[in-house]
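Peer 1: Dock chain B against the given chain A, drawing on the hints supplied.
Residue numbers (the numbering used here), protein chains in the order written: chain A, 1 to 412; chain B, 1 to 305.
The hints are simulated quantities; they were obtained by calculation from the structure and are not laboratory data.
Backbone N, C-alpha and C fix where the C-beta goes; we use that ideal spot for every residue, glycine too.
Take these hints with a grain of salt, some might be off.
From chain A, some residues computed to sit far from chain B (all C-beta separations above 12 Å) [stated by the list, open to error]: (1) F189; (2) N289; (3) R359.
Just so you have them, the derived chain A footprint on chain B, three or more residues with Cβ under 8 Å [to be verified]: (4) 34-48; (5) 63-76; (6) 112-125; (7) 184-190.
Okay, the calculated bits of chain B under chain A, using three or more residues with CB under 8 Å as the criterion [what the hints assert, rightly or not]: (8) 87-93; (9) 139-146.
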Amino acid sequence: MSGRLLTGNGAAAWAARLAHVDYVPAFPITPQTEIIETISRWTDSGEMPARMVTLESEHSMLTAAGAAAATGVRVFTATSSQGLLYAMEMIYAVTGWRVPFVLVNVSRGIASPVTLESDHNDIMAARDSGFLQLHCSTCQEVLDSILLAYRLAEHQRVRLPAIVNLDGFYLSFTREAVDLPDADTVRRFLKPYDPENIKFRASQPVSQAVAVLGGSQYSYFRYEIHLAALNAIEVYREIAAEFADLFGRSYEAVETYRTEDANIVFLMLGSFATKGKDAVDRLRDGGANVGLVRPRLLRPFPEDEIRRAVTGKQAVIVIDQNLSMGKGGVVHAETASVLYGIPDAPRVLLSFIGGLGGRDISAEEFYEMVAIAEQAIASGDTPPPRLLFTEDELREIRKLQAVAQVEREELL
Amino acid sequence: MKETILKRMKDLPSVHLLGGGTAMCAGCGALGALHEIYDVLGEKTVFINAAGCMTLLANYPFTPFRGSWLYTAMASAPAGAQGVRDALDILLEQKRISSDENLEAVVLTGDGAAYGMGLSATSGAIERGLDFIYLCYDNEGYGNTGQQFSAATPHAARTSTSTGPAGYSGYKKDLFAIWAAHRPAYVATVIGAEPVDLSRKIETARSLKGPRLILALAPCPTGWGYDPELSIDVGKLAVQTGIWPLKEYIDGQVQHTKVPKARRPVEDYLRLQGRFAHLFEPQRQDKLIDEIQGRVDAYWQNAAG
Numbered sequence: 001m002s003g004r005l006l007t008g009n010g011a012a013a014w015a016a017r018l019a020h021v022d023y024v025p026a027f028p029i030t031p032q033t034e035i036i037e038t039i040s041r042w043t044d045s046g047e048m049p050a051r052m053v054t055l056e057s058e059h060s061m062l063t064a065a066g067a068a069a070a071t072g073v074r075v076f077t078a079t080s081s082q083g084l085l086y087a088m089e090m091i092y093a094v095t096g097w098r099v100p101f102v103l104v105n106v107s108r109g110i111a112s113p114v115t116l117e118s119d120h121n122d123i124m125a126a127r128d129s130g131f132l133q134l135h136c137s138t139c140q141e142v143l144d145s146i147l148l149a150y151r152l153a154e155h156q157r158v159r160l161p162a163i164v165n166l167d168g169f170y171l172s173f174t175r176e177a178v179d180l181p182d183a184d185t186v187r188r189f190l191k192p193y194d195p196e197n198i199k200f201r202a203s204q205p206v207s208q209a210v211a212v213l214g215g216s217q218y219s220y221f222r223y224e225i226h227l228a229a230l231n232a233i234e235v236y237r238e239i240a241a242e243f244a245d246l247f248g249r250s251y252e253a254v255e256t257y258r259t260e261d262a263n264i265v266f267l268m269l270g271s272f273a274t275k276g277k278d279a280v281d282r283l284r285d286g287g288a289n290v291g292l293v294r295p296r297l298l299r300p301f302p303e304d305e306i307r308r309a310v311t312g313k314q315a316v317i318v319i320d321q322n323l324s325m326g327k328g329g330v331v332h333a334e335t336a337s338v339l340y341g342i343p344d345a346p347r348v349l350l351s352f353i354g355g356l357g358g359r360d361i362s363a364e365e366f367y368e369m370v371a372i373a374e375q376a377i378a379s380g381d382t383p384p385p386r387l388l389f390t391e392d393e394l395r396e397i398r399k400l401q402a403v404a405q406v407e408r409e410e411l412l
Numbered sequence: 001m002k003e004t005i006l007k008r009m010k011d012l013p014s015v016h017l018l019g020g021g022t023a024m025c026a027g028c029g030a031l032g033a034l035h036e037i038y039d040v041l042g043e044k045t046v047f048i049n050a051a052g053c054m055t056l057l058a059n060y061p062f063t064p065f066r067g068s069w070l071y072t073a074m075a076s077a078p079a080g081a082q083g084v085r086d087a088l089d090i091l092l093e094q095k096r097i098s099s100d101e102n103l104e105a106v107v108l109t110g111d112g113a114a115y116g117m118g119l120s121a122t123s124g125a126i127e128r129g130l131d132f133i134y135l136c137y138d139n140e141g142y143g144n145t146g147q148q149f150s151a152a153t154p155h156a157a158r159t160s161t162s163t164g165p166a167g168y169s170g171y172k173k174d175l176f177a178i179w180a181a182h183r184p185a186y187v188a189t190v191i192g193a194e195p196v197d198l199s200r201k202i203e204t205a206r207s208l209k210g211p212r213l214i215l216a217l218a219p220c221p222t223g224w225g226y227d228p229e230l231s232i233d234v235g236k237l238a239v240q241t242g243i244w245p246l247k248e249y250i251d252g253q254v255q256h257t258k259v260p261k262a263r264r265p266v267e268d269y270l271r272l273q274g275r276f277a278h279l280f281e282p283q284r285q286d287k288l289i290d291e292i293q294g295r296v297d298a299y300w301q302n303a304a305g
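Chain A with its partners taken away, still in its complex shape (with noise of 0.2 Å):
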């Protein structure tokens, strides 16, 4: 691929400049801090005619970010993990101003214990709130989705702010080719953003956000939060087809890979499904009929998509870097709960958890897994949910325990 070299962050950064956003509230976190350091260095110089403020917390961050969107101009932010659980509060809140925006989360493992690395909780935790959710496996995704995001939380059949997620280190630090598209281009696929009937002004005023009393009002809204994001994946499908038109790249709400003739496939998110389509050209080369289904969409959940990926498939791995703490995977759960009830569903639906706290996971693991789905497809008994985790690193743990035993009985 032609292009220019950028990280993730870099990606992101560069598709805020190229989204012509007026208004940045910020706050830094690892492994998000590139993008808002990029930004800030071209707000400085006068490369990006954006205002940027830091605030005192993500929690402020999100409230300046939905109430700037709530006046009527168009705002990029970021944040990672412990920020964005510490924002959750507005994350929530701001989906019912019904205001658009575009949040990039760099996802990092949440506490306790304390991590810098990789894995999709946090961005999970956001989940129910009413944002958008774009997942992204390379930097040019990154770019692209955020162009994307921004059609999409802004379109009048749904005004609901949008999470754009890469994976931290993974995609954040990691520098890949990226097509740099123009300015021109960029402004014909999104227009200069016109707030419409969003806007505080002194000769229209409104009310935002107010209180209501009783659980028929309150429902009133909720419900329409939801059918709006259930209108999103419609929109989605259109603006990504007008996206592939100006820019010859596909982002389909699922993304396929080697599925159509496969037995079984893997159902993954984001940047470890990289990882997975290379264990499955391996696979294939050793005759095994496997392929990838990877959602682009968390949410709307592009039930369709899915169903029509994996239908008439004997098995579906779903791998799971996020542990709802006594259920298990949670796009698992929610990939069974389209595939319920479908004629020609696949029988064997496995769980797998791995990649936590920016664990790999190796070659070999996704060959076992396809072993497992195979003895699993030829048996009709599906194995309870496994969390991926080797008899070496177990090994490493107990002498790191071993280590600090010995220490401690010295100090005694």
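Peer 2: Structure of chain B alone, referenced to chain A:
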């Protein structure tokens, strides 16, 4: 500083802007102050609200405000003002709106948010030099949830979470001093029972740019335990006893705007309120009453110096 024309009662606005029929309690000192403040601020305002009693002013689909309103959350109303102000400035700079469409961003919170949960967001907004007015109605407790003590509760007051014989063991936080330490454009204490002093300060605040605090003591019949018809009396006594000093900070100087000539004993103020009844019944707690009086005396001794 602009000279104000508001000197006497008859100078106050005769047109009242805030609608009636709200969900506030009868005799609400916060609502009284807000009426007076809104008359001066006018409708080219957007009130950015934090969780508190006043959140119930705008109830779908009704509002008493002629201007705009944005409810945020308990902790971050100043950040909401930041977003609104910045967005309006961007639109003005780029000539996407005319100056006629501009609005004053006014944060409206109770003491729970202003003295506690929202203090970090407030400090951040002041430090960034945000051009906004912060209006705090201070009813000295978490009033909307049934008057639990807050960081604004006065020493010895009984609240629903300080029910012992000595009442609240803490001391009211000095929010005026905390604001002034940030060196903002303006800080003023007001009370609805002194409308000329209040209106003059709102007029002054309006004429300035930058962070401006209006801290209104808000007598609260429900939380403080007195008959709603006594709200003005309680408010006047708060000033006459010296418990609520009316003052302003401007250009680095603190000035008292209404110094009680002969301060009445604090007992006159305390006796009217159920939250201090335990200081007098079943037996008089002289030690606590003297401590309260002593603190007020010490304040004014320092203020005079």
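Peer 1: Quick one: which hint numbers does this structure break? Sort them smallest to largest.
Peer 2: Violated: hints 7, 9.
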